[in-house]
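The listed protein sequences correspond, in order, to chains A and B. Per this note's numbering, the very first residue in the first sequence carries number 401; after that it's consecutive. Per this note's numbering, the very first residue in the second sequence carries number 41; after that it's consecutive.
These are computed hints drawn from the structure, not numbers from a lab. Just so you know, not all the hints are guaranteed correct.
Pair ranges (Cβ atoms, derived) [unchecked claim]:
id	chain 1	residue 1	chain 2	residue 2	range
1	A	Q1064	B	E181	35 to 41 Å
2	A	E939	B	N74	22 to 28 Å
3	A	P1157	B	E249	32 to 38 Å
4	B	F255	A	G1034	18 to 24 Å
5	A	Q1064	B	E167	37 to 43 Å
6	B	D107	A	I992	31 to 37 Å
Straight-line distance between alpha carbons at most 35 Å, and here's what the computed DSBU-like set of lysine-lysine pairs gives [said to hold, decoys possible]:
id	chain 1	residue 1	chain 2	residue 2
7	A	K1020	B	K50
8	A	K1025	B	K125
9	B	K183	A	K1025
10	B	K50	A	K970
11	A	K644	A	K469
12	A	K1020	B	K125
13	A	K644	A	K490
14	A	K402	A	K813
Residues on chain A that point at chain B, a partial pick, calculated with CB under 7 Å [said to hold, decoys possible]:
id	residue
15	R950
16	A954
17	A955
18	L957
19	A958
20	L959
21	D961
22	D1006
23	E1010
24	D1013
25	G1034
We put the CB at the ideal spot given by N, CA and C, even for glycine.
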Amino acid sequence: MKLRRRLGIEWAGVALVASLIVTALIYWNSLSSFDNLLYDRLSEYDRPEASEEILIIAVDEDSLAAFGKWPWPRDRHADLLNILAEAEPKALAFDILLSEPGSAGEDLALVEAASKSENLFLPLHFVFPGSNGAEFDIKEPIAPLKQAVSGIGHVNLLFDRDGVVRRTALCFGGITDLADSEETIWPHLMEQIYRSVNGVNSAAYDRLENCQQALLMPYAMRGAYSQISYAAVVNGEIPTAFLKDKIILVGATAQGLGDQHPVPLGDGGTMAGVEIMANMLGDTMADNFITPVSIGTQIILSLIPTWILLIGFWRWRPRTTIFFSVALIMVILVASAALLSFQIWFAPGAALVGLALVYPVWGWRRLQATSDFMDDELKNYRLETPDIPVLETSLGPVDLVTEQAEELAHAIKHVRDLRRFISDALTNLPDPMFITGLDGKVKFVNKLAQTGFEDGAQDLALDDMLARFVAPEDLDDVKNYLALDQKLREHDYIDFTSLNDQIFAMRRTRVLSDAGELRGHIHYLADITAVANAAQEREEVLQLLSHDMRSPQAAILALLDGQETTDSNKRIESHARRTLALADNFVGLARIKSSEFSGEDILLSDLVIEANDSLWPLAKQRGIKATVDDQSDGAFVVGEPSSLYRSFANLIDNAIKYSPDNSQLTIVLRNISLDQQPFVAVSITDEGQGIAEDMLGNLFDRFVSNDAESKGTVKGAGLGLNFVAAVVERHGGTIRVENIREGGARFTILLPLAPEPEEVA
Amino acid sequence: MRIAIADDDKEVVEFLGRIVEGQGHVFVSYADGNALTNALLRDTFDLVILDWNMPGKTGIQILEWMDGAVDERPPVMMMTSRTAKQDISDALNAGADDYITKPEDPNVIGARINAMLRRSAGSTAMESTAQYGEYILDRIEQKVRHKESEVSLTAKEFELTDLMFRNRDRTLSRRYIMETVWRTNAHLATRTLDMHVSRVRSKLSLTPENGFRIFTVFGYGYRLETLSNGI
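From just these sequences and the hints, can you work out the full model?
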């Protein structure tokens, strides 16, 4: 979780910084040299054709040779205009600045010639910065000339930062008069020509949003536009038919005249201003200017690949990421070239920088975060597991991350050792056990439980696992037991016979995590074959004893039934009954000691009444009146009916034995409360001689009977009271005996009351 | 009536023989389980008195065998020295109609045998009043008179009384009582029956002095026993 958050923050930081850098690069156009270089290379592949209509009349070296050094007298230009006026060109642009007045005569001649020409356009020039704090000064042709021509247009060139003329502004707008908020717009000289030829604005001009928007000019090959020498025209070497219907641009091309500018033709050379203008006019007519995307679009488009990569970092492996980075660079370049062929320029520099930036920076931050995390975790691990030795690098100094990785590997090895140890310990547990997960599948089996599963029991469903060793007749019981909620189980184990006739007790405990979450179950099997067999044998012996001891006595009594009731027969019968009682008590006692308590709800008053009823013949014989006084209001106890019944019968039998003839025997049931626990008390009071004082303490010990010679003629079974005491104790009760003042003994038994049953609706 | 007595103890056979002959029945005795099953295939008896531990087949095995092998199965009285509660309910659930643990008073045995023969002979028509010892049951008024005094009972208590008197000396399962008196086999709160039996016992003073006692067969049901001084 910690690492996740840290990496999230790092990621957001990298994303933010990269986005800001890309935006800043575009905003301040810092990558223009790279973008321009790329633009120059790309534009080489698609150069426009030069227009046949355009003709350049060049003030070239020949003209200078013919007419002398520049500037020439203005009547020279008047001569040219006069010749051209006769030739009737479509339009004529004079790329020669005529903004300062010359000699009056020359100027007059020029104005006269200019007025003869139709469609003559003159240049206008801005000087930055202007004088007297103005933004710029306007250099217009001298006033008479300006009135004589068809129009003027600006001829300022736009230079990129590297001094190359790639762009042009089709118009120039500016506020000339400070009082006037309205912007004055001067179209470019070439735009003016276009308008005079076609009568409408050029399409590119109409698309402009404002005059600040510069368009990229594709250049035709150097010298593609036809050029003739100024001197040749003036000397009449050129037939006027050749000039007719041409768009003529007059300008200086001679190297010495300075109107030479670098152009993006890939050869590092310069181009005369007039030829640049010819290219511009050609572009205007063919409408193949290239529009750069707006700065907003540029920013958005440049950020897209960076963000694709940023999002990809979450999903892709580093190898995929590097592949995608390279792919994205290719896509950007191809997209840039493709857009160019649609006359749109997208400068890819910032987008490429974004990609180039984000990959290593993220790699660095990610490594840093991971390294810090490992450091922390290793520190924690060492704190929790103090016995882990600190790794001594024997291989010499390495870099920090490698060291951490080695330490991590060391820690993992340690954990593996630990796991191995625990697993070995579990595997070698002395009893079979297996662990299931929450899906009910076996997750772990120790060696003993694996016996017989050569193919392994891993991932076996619990039911299948059981079916492999539980005998089919016990299978359902085991499954039912396991399906029960732990709290509802009567016993904390279930015993079953295995397929190879061993008897196991299976315990199931829950595996809980530190937070108390259930993780699975442990099933622990104990081989109780020997114990179970011993118990079985003991039970068989008890049954045999019970039956085989009782049967002959029953036979004796049956035999006596047919005889006369002589005194000796009566004594034989009495002895036989004593033997029977002894057998019953003995077996009962042995069962109690060997079996678990399993009680049921018993209405105690009825049980006592029935025990009393069963002894009625004996009591009647002696004229003893035994009454049960039930004040318990239907008290139920949880008990084992047979042994309880036998206990009360023993006590009442005893009481009758030691009572004088024709006496009263009182049995009372009462509800009492001891330490706020409800009990039912049963007291049996006789009117006999009571119990010898020295007997009171050990009356309930085995083989003791209140058989003091001085006292009675009757004999009791030595085991009777011992049995009673064992039964009462087993039921969570107590038994007490006392001699009462009036004479006679009173036995009192306290048994806990059964809990109220849940109401049955 | 013909009664088969199966017991490997000669004394017991003679003892039981005296009892049934005293009641005017005839008996045939078998000392071996297999001998009894062979006889049951060819012969007809009105009652079988069956010991548990016998050579050949045990009493339980014979009960199970009778389930499939004999068409009209005679009533079986299990009579054995086994006293464990589990043994008694096992035998009754295996199909024994009654169970007596040895030794038992000859009068009680006689009464129990009579009760079984009475039942197998078909129930007599229900009279509007019936007398059992000193108890007179008025089935129309649903009242019981005992020694000239009237005992007031609820409807269910009367039905329970009637049922037990009609089936005196016979062990009735709790389930049978509930289905007959409460007309439901739904799981009636187990204490309800205990309480009703207890109230009937105390209201009617069903004590040995009055010639009756109610005997609980733990884990199975109840039996109203008539004692020798009763009817």
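Hint check:
1. A:Q1064 <-> B:E181: 35 to 41 Å: 38 Å, holds
2. A:E939 <-> B:N74: 22 to 28 Å: Holds - the Cβ-Cβ distance for E939 (chain A) and N74 (chain B), about 27 Å, lies within 22 to 28 Å.
3. A:P1157 <-> B:E249: 32 to 38 Å: With Cβ atoms ~33 Å apart, the hint holds.
4. B:F255 <-> A:G1034: 18 to 24 Å: About 19 Å separates the Cβ atoms of F255 (chain B) and G1034 (chain A), which means 18 to 24 Å holds.
5. A:Q1064 <-> B:E167: 37 to 43 Å: Hint holds: Cβ distance 41 Å, inside 37 to 43 Å.
6. B:D107 <-> A:I992: 31 to 37 Å: Between D107 (chain B) and I992 (chain A), where Cβ atoms are some 35 Å apart, the hint holds.
7. A:K1020 <-> B:K50: Holds, because 32 Å separates the two Cα atoms, which is no more than 35 Å.
8. A:K1025 <-> B:K125: 29 Å, holds
9. B:K183 <-> A:K1025: 30 Å, holds
10. B:K50 <-> A:K970: At roughly 21 Å apart (the allowed maximum being 35 Å), K970 (chain A) and K50 (chain B) satisfy the hint.
11. A:K644 <-> A:K469: 29 Å, holds
12. A:K1020 <-> B:K125: 28 Å, holds
13. A:K644 <-> A:K490: Cα-Cα ~7 Å, so holds.
14. A:K402 <-> A:K813: Satisfied, since the Cα-Cα distance of roughly 23 Å is no more than 35 Å.
15. R950: OK, holds: R950 (chain A) within 7 Å of chain B, min 4 Å.
16. A954: At 4 Å from the nearest chain B Cβ, A954 (chain A) passes the 7 Å test, so the hint holds.
17. A955: 4 Å, holds
18. L957: 4 Å, holds
19. A958: Check passed: Cβ of A958 (chain A) comes within 3 Å of chain B, closer than 7 Å.
20. L959: 5 Å, holds
21. D961: 5 Å, holds
22. D1006: 5 Å, holds
23. E1010: It holds, given that the least Cβ distance between E1010 (chain A) and chain B is near 6 Å, below 7 Å.
24. D1013: Cβ of D1013 (chain A) sits 4 Å from chain B, so the hint holds.
25. G1034: 6 Å, holds
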